[in-house]
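Participant: Chains as they are written, first to last, in our numbering: chain A, 46 to 399; chain B, 46 to 399; chain C, 46 to 399; chain D, 46 to 399; chain E, 46 to 399.
Mixed in with the good hints, there may be bad ones.
27 Å max Cα-Cα, derived DSSO-like pairs, lysine-lysine [as the list claims (entries may be wrong)]:
1) C/Lys258 x D/Lys76
2) D/Lys258 x E/Lys51
3) C/Lys293 x C/Lys203
4) C/Lys171 x C/Lys51
5) E/Lys397 x D/Lys396
6) C/Lys397 x E/Lys203
7) A/Lys257 x D/Lys396
8) C/Lys263 x B/Lys257
9) B/Lys258 x B/Lys171
10) C/Lys146 x A/Lys340
11) C/Lys146 x C/Lys71
12) E/Lys123 x E/Lys151
13) A/Lys258 x E/Lys257
14) E/Lys203 x E/Lys293
15) A/Lys246 x E/Lys334
16) D/Lys146 x D/Lys246
17) B/Lys396 x C/Lys257
18) D/Lys52 x D/Lys146
19) E/Lys151 x C/Lys397
20) D/Lys257 x C/Lys254
21) E/Lys51 x D/Lys246
22) A/Lys397 x C/Lys263
23) B/Lys171 x B/Lys88
24) A/Lys203 x A/Lys181
25) E/Lys258 x A/Lys258
26) E/Lys151 x A/Lys334
27) A/Lys146 x E/Lys293
28) D/Lys254 x C/Lys340
29) B/Lys151 x B/Lys171
30) C/Lys293 x B/Lys334
31) A/Lys171 x B/Lys334
32) C/Lys254 x B/Lys258
33) D/Lys254 x B/Lys397
34) B/Lys52 x B/Lys257
35) D/Lys76 x D/Lys90
36) D/Lys52 x C/Lys396
What follows is a set of in silico ranges between Cβ atoms, one per label pair, in the way DEER data are often shown [what the hints assert, rightly or not]:
37) C/Lys129 x B/Lys71: 47 to 57 Å
38) E/Gln282 x D/Val204: 32 to 42 Å
39) E/Glu337 x A/Leu390: 27 to 37 Å
40) D/Val204 x C/Asn206: 24 to 34 Å
If you're looking for bench data, these hints aren't it; they were derived computationally from the structure. A quick note: this is a predicted structure, and the numbers were derived from the prediction, not measured. Glycine is no exception: its CB is placed at the ideal position from the N, C-alpha and C atoms.
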Amino acid sequence: MTSFIKKRGKKYGLSPGSLVLTGEPKDTKVKVQLIEFDADTLKIKDNASLDECVFSKEHPPVTWINITGIHDIQLVAKIGSHLKLHPLVLEDILSNVQRSKVDNYKDTLYIVMRQLDFNSESEQLKDSQISLILGKDFVVSFLEAETDLFAPVVNRLKVKNSRLRSRGADYLCYALIDCIIDYYFITLANFDEVLDRVEEKLLDRPNPKTIKKILAVKRQILTLRRAIWPTREIISQLQRLESNLISKTTRFYLQDVYDHSIQAIETIESFRDISSSLIEVYVSNLSYKMNEIMKVLTIMATIFVPLTFIASIYGMNFNNIPELQWKYGYFYALFLMLAVGCGMLYYFRRKKWI
Amino acid sequence: MTSFIKKRGKKYGLSPGSLVLTGEPKDTKVKVQLIEFDADTLKIKDNASLDECVFSKEHPPVTWINITGIHDIQLVAKIGSHLKLHPLVLEDILSNVQRSKVDNYKDTLYIVMRQLDFNSESEQLKDSQISLILGKDFVVSFLEAETDLFAPVVNRLKVKNSRLRSRGADYLCYALIDCIIDYYFITLANFDEVLDRVEEKLLDRPNPKTIKKILAVKRQILTLRRAIWPTREIISQLQRLESNLISKTTRFYLQDVYDHSIQAIETIESFRDISSSLIEVYVSNLSYKMNEIMKVLTIMATIFVPLTFIASIYGMNFNNIPELQWKYGYFYALFLMLAVGCGMLYYFRRKKWI
Amino acid sequence: MTSFIKKRGKKYGLSPGSLVLTGEPKDTKVKVQLIEFDADTLKIKDNASLDECVFSKEHPPVTWINITGIHDIQLVAKIGSHLKLHPLVLEDILSNVQRSKVDNYKDTLYIVMRQLDFNSESEQLKDSQISLILGKDFVVSFLEAETDLFAPVVNRLKVKNSRLRSRGADYLCYALIDCIIDYYFITLANFDEVLDRVEEKLLDRPNPKTIKKILAVKRQILTLRRAIWPTREIISQLQRLESNLISKTTRFYLQDVYDHSIQAIETIESFRDISSSLIEVYVSNLSYKMNEIMKVLTIMATIFVPLTFIASIYGMNFNNIPELQWKYGYFYALFLMLAVGCGMLYYFRRKKWI
Amino acid sequence: MTSFIKKRGKKYGLSPGSLVLTGEPKDTKVKVQLIEFDADTLKIKDNASLDECVFSKEHPPVTWINITGIHDIQLVAKIGSHLKLHPLVLEDILSNVQRSKVDNYKDTLYIVMRQLDFNSESEQLKDSQISLILGKDFVVSFLEAETDLFAPVVNRLKVKNSRLRSRGADYLCYALIDCIIDYYFITLANFDEVLDRVEEKLLDRPNPKTIKKILAVKRQILTLRRAIWPTREIISQLQRLESNLISKTTRFYLQDVYDHSIQAIETIESFRDISSSLIEVYVSNLSYKMNEIMKVLTIMATIFVPLTFIASIYGMNFNNIPELQWKYGYFYALFLMLAVGCGMLYYFRRKKWI
Amino acid sequence: MTSFIKKRGKKYGLSPGSLVLTGEPKDTKVKVQLIEFDADTLKIKDNASLDECVFSKEHPPVTWINITGIHDIQLVAKIGSHLKLHPLVLEDILSNVQRSKVDNYKDTLYIVMRQLDFNSESEQLKDSQISLILGKDFVVSFLEAETDLFAPVVNRLKVKNSRLRSRGADYLCYALIDCIIDYYFITLANFDEVLDRVEEKLLDRPNPKTIKKILAVKRQILTLRRAIWPTREIISQLQRLESNLISKTTRFYLQDVYDHSIQAIETIESFRDISSSLIEVYVSNLSYKMNEIMKVLTIMATIFVPLTFIASIYGMNFNNIPELQWKYGYFYALFLMLAVGCGMLYYFRRKKWI
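Only chain A is shown next, with the shape it has when bound in the complex (with noise of 0.2 Å):
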């Protein structure tokens, strides 16, 4: 979270509008995608040219501009002039720190959302930013993030007079979209399988390192929340949205979309239960741990200490100590101990300690 707060920040004392990567610079090329279809044909190029990208915008059928990768300011910054992108779309596009929201322009509608990866085997939780724009006949997609993430949207294009390719592009929005949520459970899924291994390390080993474990989880959880709680009301306002980009038909789909985040939302929400007794559950199990060690400690002090007293009673100098002179004295004094040692177990087995 550290850095998310350090890099909002950098922005104190700029003028709205302007175009600064919050992120982190890469080497990696931005690629543009360019799909154009309707039911009937299809044109997939990657690496397109801008002026082909203003092109088809500007032409039906409907568009799809796919662009991966915002690292490059001077790309971006072309790509949104020639795409007549409002400024300040443009800086929020190339903010990666942008909280999920909807913003109605006259002509467009700018959407933003966030990516989530979790790494069960690092245990990284990766978040970076998707900005959608719909227009009429045109959506333009910004990930930051490399990812496959709308590979299977672009695999269901493929399929002819399907549902994605006669519709328009507002049902290609709602189908990104709903890619966007559905990948939320794979993250979440994985996120769990983390959260059942903590769980399990605690009541194992429970020790300083699980400690930094669940705080670190807490923090990831937090992340989580802040990316998913928003999806619910960006979807609520696409829904009630005074505008004729979404048809009434893919409102309906949207409720569907409704239904999901709120699904994921109650998941964060059970995953926050969770955790915070995480802690208890580690606290609990050490004064468990301590309870056996002490119970050691005393069966071992309580028995000896009246034992080795008896031994140091016999071990005194006195020239009188009739004991001493029997003849079986000895054995008369390691009887004493057995029969008070045999005495101090029943006692701790009635106290069901052993």
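Given the coordinates of chain A, assemble chains B, C, D and E onto it according to the supplied hints.
Facilitator: Just chains B, C, D and E now, kept in the frame of chain A:
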């Protein structure tokens, strides 16, 4: 919960309306029960054919098609197409992880609810899906689990001139919802038993297994909550619905179910409240036991340590230790020890430790 | 609570409107008290016949039929049919687990409230049901428990020309509700005593029985909450009701009851706040006692362990231990021990342990 | 709080409008102060007669009747009937457990607020009641406690042509409310001191008395909360009131008081937040002290136990123990002990225990 | 916080509109900076005279009077009367404990916000007040702290034909608000560093100082919260304001600031979540260390106690102890001890204690 999130993840990348069985496939046959009734006549046919169902659905009197099992995709798809169900409805019927909801299609209402079964022996919670479709003069019900849940409704149908027989399909649908929610209380009562059992264990024999149990119980409460909370909203939606599928009289009866769903929710919240203090109780009990252990140790150590010290003084080998020469030196030492021991015991009693 | 959920479970599979006694059957006779009054006349008849009740109900002046006991289903059913009560109302009267609510039938209002009795001796909370039916010129009240709850209202009726006598049935109904809610404060005051007692025990003699007590108290608070929270809503509904059964003046008086119900709710919430820290207090107190115990042990062990060590040095059997030959070796050793012991004591005092 | 609930309980069974003194009776005389003013003239009369009050109330200029003490029922009843107060208002004035509220009677507004006094020496919180009645051209105030709370307002009245003198009764009423709420901050500041003191004690000398103190503080915060929370609602009601008793200008000034009441509420919530962690801090501090104690014990035991063991080896009486015969055996043994002791100390230092 | 409540308390008894400096007096001079600009011209004058300000304020182009320091009451009062500010506004400007808010006067808007400065070295949070007055063609800003907060805005003004220069006073006001909120993120980032540092300390070297630190951090979070939460409401009010002081375009930009204020709030809530588990982490870490200590003690005691017991047996002085006569009795005893010691070690290793 893990399994639920994983199942949801399966849907990533699929077109909405795709028929996917998110649950596990089973061997048993899907059962189709066809019931036709009005105030005078009643026809019950187990294992009805699809044609019969379709014919009956489209002709008066009231028809109830009760389908048990959703694991045979092909069959369910066929049923769906015969009964002319919308593809999104069919997808939701097959998905067994749908959130409870009401969808208002033009001529039909689609209602999803969760059936909850808690076995107080095995302490397993089974959460399965029930789909209800209410149309003019017909109800179609899909039950994921093989269950006798609706048996009492079938029995009540057998009573001639009963309210259930005299009223229409909407009243039947209400009766089914009422049945599902009344069953929640049986589930909650079973769960309550287990909660009591865990509490007792906590106080009697706290050990890490109990902690695992508490965590399991907490997760089950989260599942119960997720299933039961939305029912209130569903029933309230049904009451306010702008649809003439539900008559005014039936809306009145729904108020009754609404009250019950609130009671179920209140019960769940009570469970949550109680469960949230269980780990605290566990730790407090361990603390108490620790105190008891430490008291024993302290009493033993504190009594014998000074005694042993006295003994070891007279075990020293100095040439000149006057007491050693005394005739009754040994007995004097024993008496000294007795006095010290009794003093300590008196001190402990005053401190109320023994 | 267990019993409440079990009782609710009994209803599964039954037709709505079925008359089932969810409470336990009793031997006592159901009492029917008939009271007729206007500003000038007052007629009180205990053990009135049903015919008298019906006649009175349908003729002026204001009639109050006060029925104590709901355990005789047949009788109550007969009363219900004579008084022409709706079957759903009759079912709710007999059920003793109904949530507090107002139902607006055409000519009558049906109000359910909970009567709470807390015995500060036995520490038992008795939660029973009160049903009020308000019609034009009559009130019918059903009390589950045998109780003198309404005795003060009967007494106030005996005062000629009092407000209660001069106003209509709605004011009587308001007076009964006011009476129920004022009685909550007696219950809450008794409960508060027990809460104080538990707190004291916690601090004086913490032991696992106290934990059981705390858990019991928490469950009772949940029951109180479930009973008292809905009253606010009920009264607010009565105030806003579109019905001419309740006059404008009476609505004004209801505002007063509304304020009281809020005070009752605030009290319950305070109880909840306080009870939620009780386990923490218990643990903290155990921790304190543990510290005290450990201090004693540590002081004893730390003083005597070095002393015993010194003694055991001079108990060694080496041929050549110079000190052993000293004339005052023994006294030197004793002095050494004294010095070490005092040193330790000084150290502990500086640490503020003793 | 106990006393509050008990007082409320006293009202059970009484007719609404009954005059009952719920507080304790006192010996002091009820003081009636009569103040008449407009921009030019000011007349202050302590111990005014009722007739003067009535006369003044019904004639211009603005009249303020300031009554201190409500413990003389007869007198207050007489005042009430002279001033023509509604019976319900009179009941609420006498009850000293009324929740803060505004009641809108036809020609007058009745406002109840709580006066809070916290003595940071005795750590006692005094919660008494203030009733304000605002009519056309007059304000009547009833103060339960003998207090100089309104002295600054009286003083400000003495300034000729001040805003307070120039405006009407509504502005005076606003000034009184402002005064009450500003006084809350003095109360809260005193309370804050005590909170700091408790916190310090917790960290310095934790003992069960501190726990009692924390519980007392928590209950006081609940009382503060119950008194301060409703003020926000009251002022907001006054602002939105459909009544020409309050002029538009005064409504504007009320906004200022509204902001202050929110600040008071925020302060209370901060107190709650802080107080809720106090028990945790207490336990954590005990844990720390326990750790310190255990370290001392462990260090002492762990150093001397092996040493004593060595000594006891050479205290054995075997005929043939070669070391015993060595010339410097004793010194070798001492050296061995020294080495072991230093080794242990080194180990502890490495573990950072000493 | 203590100081804040005390400052608020100072106002008790004062007439609203009284000019009181609630903050501490300072020596520095109040700075008055006058900036006039339109798209073409820009005039910046530090230490402007009041007459210049008044003249400029009442004539186009846009005027910004930026006043740093509010500790000189006379001067500020003079400024206020020259600029014709309402007495309530002047009071709020001088009070440095005002809650963030918007007041809508007829021709001007009065906005109060908090400036937050967190020094991550000294770990001090400085909370000072900023007042903005927006009128037609002018903005007046009062800063309590001497700060360069608005320097970037001044710099951006120097860019000819920038958006800031071309738009009116409302856009300037927006730019200042944006600047304040963007600065929050720098404050939050500094705070986050300290939070991380505390967390690390907790896990490394838990001691009571850390607890004091945690409590301080918690109080600072409460202060941050109180300052940042109301900003959302302020901006939302500005957006919905029925006033032609704010143009439609500027309202659109305010949406951007609104999103940022939500992000700031979310960050604060995350801090709260994290901080609330810090004491738990502290206790859990102490528990862990305690376990470690107890293990060492138990191991040492448990190994040496039986060994010492054996030694003391053979230190007894019975006449007849056969082993003592054995030739290798001593070595047999040593071997026995070794065996027992190793046995114990094996036992501990199996228990995974070492």
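Participant: Each hint should be assessed against the structure and marked as holding or not.
Facilitator: Here's how the hints hold up against the structure:
no. : hint                            : result
1   : C/Lys258 x D/Lys76              : 49 Å, violated
2   : D/Lys258 x E/Lys51              : 23 Å, holds
3   : C/Lys293 x C/Lys203             : 25 Å, holds
4   : C/Lys171 x C/Lys51              : 17 Å, holds
5   : E/Lys397 x D/Lys396             : 19 Å, holds
6   : C/Lys397 x E/Lys203             : 67 Å, violated
7   : A/Lys257 x D/Lys396             : 21 Å, holds
8   : C/Lys263 x B/Lys257             : 23 Å, holds
9   : B/Lys258 x B/Lys171             : 17 Å, holds
10  : C/Lys146 x A/Lys340             : 56 Å, violated
11  : C/Lys146 x C/Lys71              : 26 Å, holds
12  : E/Lys123 x E/Lys151             : 22 Å, holds
13  : A/Lys258 x E/Lys257             : 24 Å, holds
14  : E/Lys203 x E/Lys293             : 25 Å, holds
15  : A/Lys246 x E/Lys334             : 18 Å, holds
16  : D/Lys146 x D/Lys246             : 38 Å, violated
17  : B/Lys396 x C/Lys257             : 25 Å, holds
18  : D/Lys52 x D/Lys146              : 19 Å, holds
19  : E/Lys151 x C/Lys397             : 67 Å, violated
20  : D/Lys257 x C/Lys254             : 21 Å, holds
21  : E/Lys51 x D/Lys246              : 22 Å, holds
22  : A/Lys397 x C/Lys263             : 30 Å, violated
23  : B/Lys171 x B/Lys88              : 32 Å, violated
24  : A/Lys203 x A/Lys181             : 22 Å, holds
25  : E/Lys258 x A/Lys258             : 22 Å, holds
26  : E/Lys151 x A/Lys334             : 70 Å, violated
27  : A/Lys146 x E/Lys293             : 20 Å, holds
28  : D/Lys254 x C/Lys340             : 19 Å, holds
29  : B/Lys151 x B/Lys171             : 33 Å, violated
30  : C/Lys293 x B/Lys334             : 63 Å, violated
31  : A/Lys171 x B/Lys334             : 45 Å, violated
32  : C/Lys254 x B/Lys258             : 22 Å, holds
33  : D/Lys254 x B/Lys397             : 19 Å, holds
34  : B/Lys52 x B/Lys257              : 24 Å, holds
35  : D/Lys76 x D/Lys90               : 11 Å, holds
36  : D/Lys52 x C/Lys396              : 49 Å, violated
37  : C/Lys129 x B/Lys71: 47 to 57 Å  : 53 Å, holds
38  : E/Gln282 x D/Val204: 32 to 42 Å : 35 Å, holds
39  : E/Glu337 x A/Leu390: 27 to 37 Å : 29 Å, holds
40  : D/Val204 x C/Asn206: 24 to 34 Å : 52 Å, violated
Going through the hint list in order, the structure does not satisfy hints 1, 6, 10, 16, 19, 22, 23, 26, 29, 30, 31, 36, 40.
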